[in-house]
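Undergrad: Residue numbers (my numbering), protein chains in the order written: chain X, 16 to 400; chain B, 16 to 400.
What the hints contain is simulated information worked out from the structure, not anything from laboratory work.
Please note that a few of the clues may not be correct.
Within a straight-line C-alpha distance of at most 20 Å, the following computed SDA-like cross-link-like pairs (lysine to any residue) qualify [what the hints assert, rightly or not]:
{"id": "1", "chain 1": "B", "residue 1": "K294", "chain 2": "X", "residue 2": "L90"}
{"id": "2", "chain 1": "B", "residue 1": "K140", "chain 2": "B", "residue 2": "E180"}
{"id": "3", "chain 1": "X", "residue 1": "K364", "chain 2": "X", "residue 2": "N378"}
{"id": "4", "chain 1": "X", "residue 1": "K294", "chain 2": "B", "residue 2": "V86"}
{"id": "5", "chain 1": "X", "residue 1": "K294", "chain 2": "B", "residue 2": "P289"}
{"id": "6", "chain 1": "B", "residue 1": "K294", "chain 2": "X", "residue 2": "R89"}
A quick note: this is a predicted structure, and the numbers were derived from the prediction, not measured.
2 protein chains.
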Amino acid sequence: MDLLLRNVRPLGAGAVDVAVRDGRIAAIGPGLRCEAEVIEGEGALLLPGLVESHTHLDKTHWGLPWYVNEVGPRLEDRIANERRWRAGSGHDAGAQSLRLAREFLAQGTTRLRTHVDVDTEAGLKHLHGVLATREAMRGPMEIQVVAFPQSGLLARPGTFELLEESLRLGADVLGGLDPQAIDGDAAASLDLLFALALRHGKPLDIHLHEAGEEGARTLDAILDRTQALGMQGKVAISHCFCLGDVVAARRAALLVRMARLQVAVISTGTASRPVPPLKECVAAGVAVAAGNDGIRDAWTPYGRPDMLERAMLVGLRNNLRRDDEIALAFDAVTHAGARVCGFADYGLKAGCRADLVLVQAANVAEAVVARPARQLVIAAGQVVR
Amino acid sequence: MDLLLRNVRPLGAGAVDVAVRDGRIAAIGPGLRCEAEVIEGEGALLLPGLVESHTHLDKTHWGLPWYVNEVGPRLEDRIANERRWRAGSGHDAGAQSLRLAREFLAQGTTRLRTHVDVDTEAGLKHLHGVLATREAMRGPMEIQVVAFPQSGLLARPGTFELLEESLRLGADVLGGLDPQAIDGDAAASLDLLFALALRHGKPLDIHLHEAGEEGARTLDAILDRTQALGMQGKVAISHCFCLGDVVAARRAALLVRMARLQVAVISTGTASRPVPPLKECVAAGVAVAAGNDGIRDAWTPYGRPDMLERAMLVGLRNNLRRDDEIALAFDAVTHAGARVCGFADYGLKAGCRADLVLVQAANVAEAVVARPARQLVIAAGQVVR
Numbered sequence: 016m017d018l019l020l021r022n023v024r025p026l027g028a029g030a031v032d033v034a035v036r037d038g039r040i041a042a043i044g045p046g047l048r049c050e051a052e053v054i055e056g057e058g059a060l061l062l063p064g065l066v067e068s069h070t071h072l073d074k075t076h077w078g079l080p081w082y083v084n085e086v087g088p089r090l091e092d093r094i095a096n097e098r099r100w101r102a103g104s105g106h107d108a109g110a111q112s113l114r115l116a117r118e119f120l121a122q123g124t125t126r127l128r129t130h131v132d133v134d135t136e137a138g139l140k141h142l143h144g145v146l147a148t149r150e151a152m153r154g155p156m157e158i159q160v161v162a163f164p165q166s167g168l169l170a171r172p173g174t175f176e177l178l179e180e181s182l183r184l185g186a187d188v189l190g191g192l193d194p195q196a197i198d199g200d201a202a203a204s205l206d207l208l209f210a211l212a213l214r215h216g217k218p219l220d221i222h223l224h225e226a227g228e229e230g231a232r233t234l235d236a237i238l239d240r241t242q243a244l245g246m247q248g249k250v251a252i253s254h255c256f257c258l259g260d261v262v263a264a265r266r267a268a269l270l271v272r273m274a275r276l277q278v279a280v281i282s283t284g285t286a287s288r289p290v291p292p293l294k295e296c297v298a299a300g301v302a303v304a305a306g307n308d309g310i311r312d313a314w315t316p317y318g319r320p321d322m323l324e325r326a327m328l329v330g331l332r333n334n335l336r337r338d339d340e341i342a343l344a345f346d347a348v349t350h351a352g353a354r355v356c357g358f359a360d361y362g363l364k365a366g367c368r369a370d371l372v373l374v375q376a377a378n379v380a381e382a383v384v385a386r387p388a389r390q391l392v393i394a395a396g397q398v399v400r
Numbered sequence: 016m017d018l019l020l021r022n023v024r025p026l027g028a029g030a031v032d033v034a035v036r037d038g039r040i041a042a043i044g045p046g047l048r049c050e051a052e053v054i055e056g057e058g059a060l061l062l063p064g065l066v067e068s069h070t071h072l073d074k075t076h077w078g079l080p081w082y083v084n085e086v087g088p089r090l091e092d093r094i095a096n097e098r099r100w101r102a103g104s105g106h107d108a109g110a111q112s113l114r115l116a117r118e119f120l121a122q123g124t125t126r127l128r129t130h131v132d133v134d135t136e137a138g139l140k141h142l143h144g145v146l147a148t149r150e151a152m153r154g155p156m157e158i159q160v161v162a163f164p165q166s167g168l169l170a171r172p173g174t175f176e177l178l179e180e181s182l183r184l185g186a187d188v189l190g191g192l193d194p195q196a197i198d199g200d201a202a203a204s205l206d207l208l209f210a211l212a213l214r215h216g217k218p219l220d221i222h223l224h225e226a227g228e229e230g231a232r233t234l235d236a237i238l239d240r241t242q243a244l245g246m247q248g249k250v251a252i253s254h255c256f257c258l259g260d261v262v263a264a265r266r267a268a269l270l271v272r273m274a275r276l277q278v279a280v281i282s283t284g285t286a287s288r289p290v291p292p293l294k295e296c297v298a299a300g301v302a303v304a305a306g307n308d309g310i311r312d313a314w315t316p317y318g319r320p321d322m323l324e325r326a327m328l329v330g331l332r333n334n335l336r337r338d339d340e341i342a343l344a345f346d347a348v349t350h351a352g353a354r355v356c357g358f359a360d361y362g363l364k365a366g367c368r369a370d371l372v373l374v375q376a377a378n379v380a381e382a383v384v385a386r387p388a389r390q391l392v393i394a395a396g397q398v399v400r
């Protein structure tokens, strides 16, 4: 279906029309004419499809009865609690991931990277469920699946083989988790992980919760291997909390190396922990994408599949008050997210996939702080809301 | 108007009915009968009217065209920028405070404490505007006005007299601001402030942004005067960031003193700074209320007059994930807020003011994380939404 979206303001600029053909932006500019169906934008703000770079679709209780959270405070408590809950609850990762993916799409997210638990208890059950969701949503939504060793890699023998099988089955990205704090041996854990990624030609996305100098040493070990194995541009670090609490000179040095090796940060803007300082990362040339992390699951009751709200939380965490600062938070859920995850043909230019979102707001800064209802969502040229 | 609210679940407990007479809860319990108009609650979650303990109604641009923020990063930049903006913009603090107060009420907030700028440039203009709003909203909404020296007290001669005039005109609370960092002399500034509060029999609410040991020394000076002058239970510290970044033993000692002197904390759950740790404060017996601080003004573009969202932000900042932890964030925007500000007849008991909010949620934790639309708001016995 072809269409013409008339009188919209891309990112707050002057009003233009957008011609859509075969799922792509055919032209964008003032006064376009074509034979297509016309949708009148009435001067609304036009945003590109939003990008979620870090979530866990498979874990969510979205739409289910309230989950009463009585979990202990440590990372290990949360991991063990979730394994118990998963085993006992009959949780359907396929149905739940589909439910949440649809809600993301309704809120204007057209590209999404999700981690999926792979461990020796759940096996590949979650993976199969989320691969089915990826297929079901193909067309309007581009979903990347990360095979994620939630219970550790070295820590649980048999996990390596499951991760390899996940990549064979079609996982897009290889995930990692705290090579030192969870696996107890950063060098050995990372050697295995990088070897597996290389063998299958897949990018890496490593959860790094490790704090301070412990995390910085692991980050150095990741950067060493990225350089030695030629994985430049193929490695992202999720959370990377250590960048928020090492001393400034150490952080600056790490950022220089990360920029040179094109190692990106994916942040949730966690309010309760030190986080990678967004402005400093960007100034150093390190790309920062943003994500919700889990939404309504056994880990956290919080979250909403709305990337404008996530941008707001990133903005609050980084004290971004000026319009030009808030634009950085918006970039993390749009262009920077697409670059970091490698989503192709992204943006508001001719030739890009026609992923278009209309909201009532003066500009990008207002869209982030006000999080207005999505007035129109077009995904790959199709009106989905 | 009398009414009977049928089949509602107070704070998630079993369903009851609520009888309202003359603006108060006449009875609450199962199977009530009366001649009043009946509103069917259909098992919705019943919350008490929400409490905003720290905002700045007079500053807001709510409902006005987008304010492009290009302000410098320091506290002094923000204060000076706002003074320039106020002088040049013809800002109408009366109309704007009324607009935002109405939106707070529509979102279920029935009690609210607002700071109002009093300084030698604005004079009493903002105060007159907000006192008019307090009058206009009297009935459904109880508004407390804090006479707040936004530009400093000692720092700007003439401010003391304006504050005193504000109290004579009916301000409910005396405000203070960074006695050391802004006024440059904590002892002299606090001596003036406490003397003024005592002379007029008003409680104190002091903005304390001062960090670390500087803030802790000022806090000690506040506690010394609270004790010496018999102001126990009459002093609240807004922000009190220093409690978030002094060493643990120092914090513990300060909290013991604060609990003994009934000095409360009013926090916004600021994501970008250390904040008073909510659980530790409450465990020490220090009451913690919550507020938005400014909403859409020259200081910050963020904020929404929705105290459930504020509770969520407090929860995220304090990493409150368990249901019983989230209840603490909820308390900060309900019962604890009312206690700290001294709002009387508050709660879901017979005899209390009938401030009642219905939402679709299983329990308090879900109300905080999901922030559902307000289905019904009753303020002092009147349906206002």
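Undergrad: Under the criterion that the straight-line Cα-Cα distance not exceed 20 Å, is the pair K140 (chain B), E180 (chain B) satisfied?
TA: holds, 12 Å
Undergrad: Would you mind confirming whether the straight-line C-alpha gap from K294 (chain B) to L90 (chain X) stays at or under 20 Å?
TA: holds, 19 Å
Undergrad: For K294 (chain B) and R89 (chain X), compute the direct alpha-carbon distance and say whether it is at most 20 Å.
TA: Distance ~16 Å between K294 (chain B) and R89 (chain X) Cα, so the pair holds.
Undergrad: Given the hinted pair K294 (chain X) and P289 (chain B), is their alpha-carbon gap at most 20 Å?
TA: Holds. K294 (chain X) to P289 (chain B) sits at ~19 Å (cutoff 20 Å).
Undergrad: For the pair supplied as a hint, K364 (chain X) and N378 (chain X), confirm whether the alpha-carbon distance does not exceed 20 Å.
TA: Distance ~18 Å between K364 (chain X) and N378 (chain X) Cα, so the pair holds.
Undergrad: For the pair supplied as a hint, K294 (chain X) and V86 (chain B), is the alpha-carbon distance within the 20 Å limit?
TA: Holds, at about 16 Å.
Going through the hint list in order, the structure satisfies each hint without exception.
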